Structure formats: C-alpha cells, structure tokens
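*Asks:* Model the full structure from these sequences, guided by the hints.
If you read the protein sequences in the order shown, they are chains G and H.
Under our numbering, the residue at position 18 of the first sequence is numbered 138, and the numbers go up by one with no gaps.
Under our numbering, the residue at position 20 of the second sequence is numbered 111, and the numbers go up by one with no gaps.
These are computed hints drawn from the structure, not numbers from a lab.
As the structure is a computational prediction, the values presented were derived from the model and not from experiment.
For the chain G half of the interface with chain H, some residues (derived, Cβ under 10 Å), not all of them: (1) LEU128; (2) ALA132; (3) GLY138; (4) ASN151; (5) PHE155; (6) MET159; (7) SER168; (8) ARG205; (9) GLY214; (10) LEU218; (11) ASN244; (12) ALA260; (13) LEU263; (14) VAL264; (15) ALA275; (16) ALA279.
Glycine included, every Cβ here is placed at the ideal spot set by N, Cα and C.
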Amino acid sequence: MTVAGWILLVSAAVALLGALLAVGLRNIFHNILGFALAMLGVAGVFGSLGSDFLAAVFVLVYVGAVAIAMVYAVMLSHPLDQPHRPRKGWKIAGAAALAAGVAAALWGVLRQARWLEAVPGGDNSAARTGTRFLTDYVLAFELVSVLLVVAMMGAVMVARRARPGRGSW
Amino acid sequence: MTLPLVLGLATALFGIGLYGLLQRRSLVAMLIALELMLASISLNVVALTTFTGHDPSMGQVVVLIFVGVAAAEVAIALSLFVAIHRAEHDIDVEHLSELRG
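*Replies:* Here you go:
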C-alpha cells in the first residue's frame with residue numbers, strides 16, 4: 121500500500137472518531153474538540169486525494185475559525201450551567217434508527233451505482249482552481265464574498281447588546 | 092478501492108451528523124452535527140470529481156463555495172444563539188417553543 125493510501129486510511133479513521141466524539145459526548149466542549157478532530161481527518165482525506173489546497177482551507181476555516189467561534193458562543197451562553205435533563209429513551213432510539221436507516225439507504229444507492237472509476241487525472245492545483253474561480257466562476261465568487269460580508273454584518277447586528285438609552289434598531 | 096472508501100466515509104459522517112441533529116438538544120451541538128453533514132457532502136463532491144474523470148478543479152470550486160456559505164451560516168447561527176441566550180437564558184431547543192417579537 122502506498123503512503124497516500126495509508127494517509128487516507130488514517131485520516132478516515134480520525135474523521136470517524138472525531139465525528140463520534142462530536143456527537144456522542146455530553147460535554148459541549150468535548151463535542152467541539154471532536155468536531156475539530158473530525159475536520160482535521162476530512163482535511164487529511166482531501167490531502168490524500170490530491171486536493172491539498174482544500175485541505176489547507178478546511179484546517180484554516182473549520183479548525184481555526186469555526187471551532188474557535190463555537191467556543192466563544194459556548195462561553196457566552198453557559199450551557200454547562202444548565203441542569204442536566206435526561207433524554208427519553210425512545211427519542212434516542214428513534215433518532216438512531218432514522219439516521220441509520222438514511223445512511224443505509226444512501227449506502228445501498230452508492231453500492232448499486234456502477235462508477236466508472238477513472239485514473240485520477242487533470243490539474244487540481246491551487247493555481248488552476250484560482251484561475252477557474254476568477255474566470256468561469258467569477259459570479260459565484262463575488263456572490264460568496266457579498267454573502268460573507270452581509271452575514272458578518274448581520275451577525276454583529278444580531279449579537280449586539282442593545283445599550284440602554286440608545287434604543288435598539 | 093479508494094472511491095468506495097471515501098464514499099463510505101462520507102455516508103458514515105452524514106449518518107452520524109443526522110443522528111446528532113435529531114438527538115441533541117443544545118443548539119451548538121446541533122450546529123456541530125449540521126457541519127459534519129456539510130463536510131460529508133464536500134467529501135462526496137471531491138471524491139466524485141477526482142475519480143470519475145471530470146475536471147477535479149471543478150469540484151474544488153464547488154467545495155470552496157460550500158465552505159464560504161457554511162462560514163456565513165455559522166456566523167449567523169452563533170450570533171443568534173448568543174442573542175437567544177441573552178433573551179431566554181437557555182439554548183435548549185425543547186424550551187424554545189415561543190416566537191415573540
């Protein structure tokens with residue numbers, strides 16, 4: 121087995137473990153750490169598929185920004201102070217059954233499809249991706265930029281504490 | 092061999108995320124589960140464009156747009172959670188059953 125194959129296997133295992141920790145543990149801080157681990161694993165899978173730019177983006181955006189923002193939100197909303205209320209067993213079982221059913225159905229569809237597996241080829245370097253972004257997909261690129269600006273302004277507006285005497289917008 | 096492995100991983104991540112979205116009650120935990128599902132979709136897109144003969148940079152463009160939209164979604168959602176906590180002192184979805192201006 122090649123080095124890339126081993127990296128892929130280890131990354132996939134890390135992603136699965138992280139996802140299980142992110143969903144299964146009760147402490148929300150541990151969930152966020154598991155989420156960061158899962159995203160590291162997904163970035164490793166991207167890297168072993170040859171998409172090293174995407175791997176870097178996933179580490180930067182998810183591990184670097186999203187996980188930190190989640191920690192801030194948890195610190196501002198103190199969910200650990202809430203008394204623990206046990207979840208009803210049938211709700212957990214129902215959620216697990218539905219999720220397992222959907223995953224099994226998806227896997228069945230994927231197994232039935234006859235993928236014509238081609239040899240990985242073509243240029244997926246960061247330079248090629250950037251060129252496509254600024255030529256063929258420039259409208260999508262600009263729309264995402266506008267969406268991000270609007271979302272950041274909206275986030276500030278929503279989370280901003282209305283100061284007494286100045287009214288709220 | 093690689094393609095089924097990645098597709099299987101994406102399916103498993105999607106299932107785990109769906110379970111978390113249904114089972115957890117904290118809004119932050121539900122957001123984490125949602126992000127896992129989004130990441131599994133990104134995995135599918137990259138694996139399929141890499142291994143089925145399409146232009147792989149196309150998949151990267153699509154996933155980068157996903158990442159941008161997901162970042163916007165996280166920013167809005169987290170600020171909403173903070174605002175909800177300020178108003179209700181709780182971010183448990185089973186307690187947030189009132190809509191009031």
